[in-house]
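Engineer: Residue numbers (my numbering), protein chains in the order written: chain U, 1101 to 1183; chain Y, 1101 to 1183; chain X, 38 to 196; chain L, 38 to 196.
Derived from the structure by calculation, the hints contain no laboratory data. Among the hints, a few may not be true.
Across the chosen pairs, the derived CB separations fall in these ranges [stated by the list, open to error]:
no. : chain 1 : residue 1 : chain 2 : residue 2 : range
1   : Y       : Asp1151   : X       : Asp84     : 36 to 44 angstroms
2   : X       : Lys128    : L       : Gly174    : 54 to 62 angstroms
3   : Y       : Lys1103   : L       : Gly59     : 34 to 42 angstroms
4   : L       : Arg114    : X       : Thr171    : 31 to 39 angstroms
5   : X       : Asp86     : U       : Asn1152   : 18 to 26 angstroms
From the structure, some residues in chain L lie toward chain Y, with a derived Cβ separation under 7 angstroms [unchecked claim]:
no. : residue
6   : Tyr96
7   : Ser102
8   : Val136
9   : Pro164
10  : Val178
11  : Ala180
The C-beta atom is built at its ideal place from N, Cα and C for all residues, glycine as well.
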Amino acid sequence: MIKVLFFARLREQLGVGNLELSPEEAGTTVAELRSRLQARGGQWADALSADNLLCALNQQQARGDESITAGDEVAFFPPVTGG
Amino acid sequence: MIKVLFFARLREQLGVGNLELSPEEAGTTVAELRSRLQARGGQWADALSADNLLCALNQQQARGDESITAGDEVAFFPPVTGG
Amino acid sequence: MTEVCIQEEDFDAGTLQRELLGDDTSIGATAVFIGCVRGEPGAGQGDPDAVLAMELEHYPGMTESSIQAIVDEARSRWKLQRVRVIHRVGKLLPGDQIVYVGVACGHRGEAFQACEFIMDYLKTRAPFWKRETTPVGARWVDARASDDSAAARWQATGE
Amino acid sequence: MTEVCIQEEDFDAGTLQRELLGDDTSIGATAVFIGCVRGEPGAGQGDPDAVLAMELEHYPGMTESSIQAIVDEARSRWKLQRVRVIHRVGKLLPGDQIVYVGVACGHRGEAFQACEFIMDYLKTRAPFWKRETTPVGARWVDARASDDSAAARWQATGE
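Same shape as in the complex, but just chain U (with noise of 0.2 angstroms):
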């Protein structure tokens, strides 16, 4: 399975922190999964489309080229606003 992550202001758009998706629900890469959570429409579709939404992949910044596969941890957030 592929655990995908909400935070902050997304998390609260979607009205989820995570989901457990099969490799073949998620896609190849961390922009499939992006564009295929979108497609789910309403709130996925407008949450998921902001211009400077940031992914991380297994802990670390991600471009969205990036392939994802079994096990791996993908996560989606607004930008930092921490310090």
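Starting from the known structure of chain U, arrange chains Y, X and L on it as the hints suggest.
Structural biologist: Leaving out everything else, chains Y, X and L in the frame of chain U:
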């Protein structure tokens, strides 16, 4: 009287930390005071000829051309090394 | 000593200072940044922008590793004897301390640079999100463009 | 609160941090520099350059007023909520704290700049002199050209 102070290495070189001079002995400017002290010869000539000596008039950094009068405090010292 | 801590508890600058120095007498300079929750811009209860409380969310695991990566990057740029980063999470109030970055090294120029470098990157790379409670409700804090430009200047100079 | 203190006693960074913040919730950032006595360059007793002890002489009266002038200059350049400078005098040992500069203000860029500005000027304008005791005797520390250039950069930019 005019109070004259010496600090740190300069104080050690001269073997004295402070002097009281009459306005007649001190001269009319900080620079004149310094050259009169140098004119004492020996350690006074050597120690007070250092290029990098700083001076202060009434606890404000001074250039040398400032006038001095009775009641003033003049200090000579090496570059500072605090912090 | 762990260099990076994410915790709910407050921290004491005096205790951290003693840990930063230890008994290493090659340390001549320590630069420390501590960030706090501002109650601004409005001071009074009547101001809809007044911050009454702050909630800090983070991404456990990635937070620690991304900050450690920032610290490692600082260590590759400057010769640093000790570095310590503490970031609080959970609920905080105006005036509360949020973040501590302490750097100990030989000379002050490096201490200041490394401390500011770590703060600038922490602001733009570490996965924390602030949510403010105001008199008119809660809102997520938006990222500031000035933080991005503060972090970017370290790339431009290659210093 | 007195902004500038010259004292023989040590200081506690935790106590000073609490005083710096007070109950002013418009403060978002504090930058603190603490300088220490280095035992370097030589670590061992056999090294003739090892620093065994340090004696700090100063010019009472002018010290306080010149540091206050530096703080006032910083306040004219940046909007600062609180500033505190403590400089120790007398006999110190390697590892001892010598100087504390703490700045509290709204945002971190100003806090770092003001803190470094005060340190750079303090190094070149405040009348302190260090005398080191080494295995081969005592010696006055020479002023460093790098300190002059660190102070000079604040004049060049007019920032």
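Engineer: Can you verify the interface hint for Tyr96 (chain L): is its Cβ closer than 7 angstroms to any Cβ in chain Y?
Structural biologist: Hint holds; Tyr96 (chain L) Cβ to chain Y Cβ min 6 angstroms, cut 7 angstroms.
Engineer: With respect to the beta-carbon atoms only, verify the hint that Asp1151 (chain Y) and Asp84 (chain X) lie 36 to 44 angstroms apart.
Structural biologist: 59 angstroms, violated
Engineer: Evaluate the given range 54 to 62 angstroms for the C-beta pair formed by Lys128 (chain X) and Gly174 (chain L).
Structural biologist: Holds: the Cβ-Cβ distance is about 59 angstroms, inside 54 to 62 angstroms.
Engineer: Checking hints one by one. Is Val178 (chain L) an interface residue toward chain Y, by the C-beta closer than 7 angstroms rule?
Structural biologist: Nearest chain Y Cβ about 5 angstroms off; hint holds.
Engineer: At the C-beta level, are Asp86 (chain X) and Asn1152 (chain U) separated by a distance inside 18 to 26 angstroms?
Structural biologist: 23 angstroms, holds
Engineer: Note whether the CB distance of Lys1103 (chain Y) and Gly59 (chain L) lies within 34 to 42 angstroms or breaks it.
Structural biologist: Once the Cβ atoms are compared, 40 angstroms apart, the range 34 to 42 angstroms for Gly59 (chain L) and Lys1103 (chain Y) holds.
Engineer: Less than 7 angstroms between beta-carbons is the criterion; does Pro164 (chain L) satisfy it with respect to chain Y?
Structural biologist: Pro164 (chain L) check passes; min Cβ-Cβ to chain Y is 5 angstroms, inside 7 angstroms.
Engineer: A range of 31 to 39 angstroms was offered for this pair. Does it hold for the Cβ distance of Arg114 (chain L) and Thr171 (chain X)?
Structural biologist: 32 angstroms, holds
Engineer: Checking hints one by one. Is Ala180 (chain L) an interface residue toward chain Y, by the C-beta closer than 7 angstroms rule?
Structural biologist: 3 angstroms, holds
Engineer: With a cut-off of 7 angstroms, does the beta carbon of Val136 (chain L) approach a beta carbon of chain Y closely enough for the hint to hold?
Structural biologist: 5 angstroms, holds
Engineer: Using the nearest Cβ pair, does Ser102 (chain L) come within less than 7 angstroms of chain Y?
Structural biologist: With a closest approach of 6 angstroms, the Ser102 (chain L) hint holds.
The structure does not agree with numbered hint 1 stated previously, though it agrees with all others.
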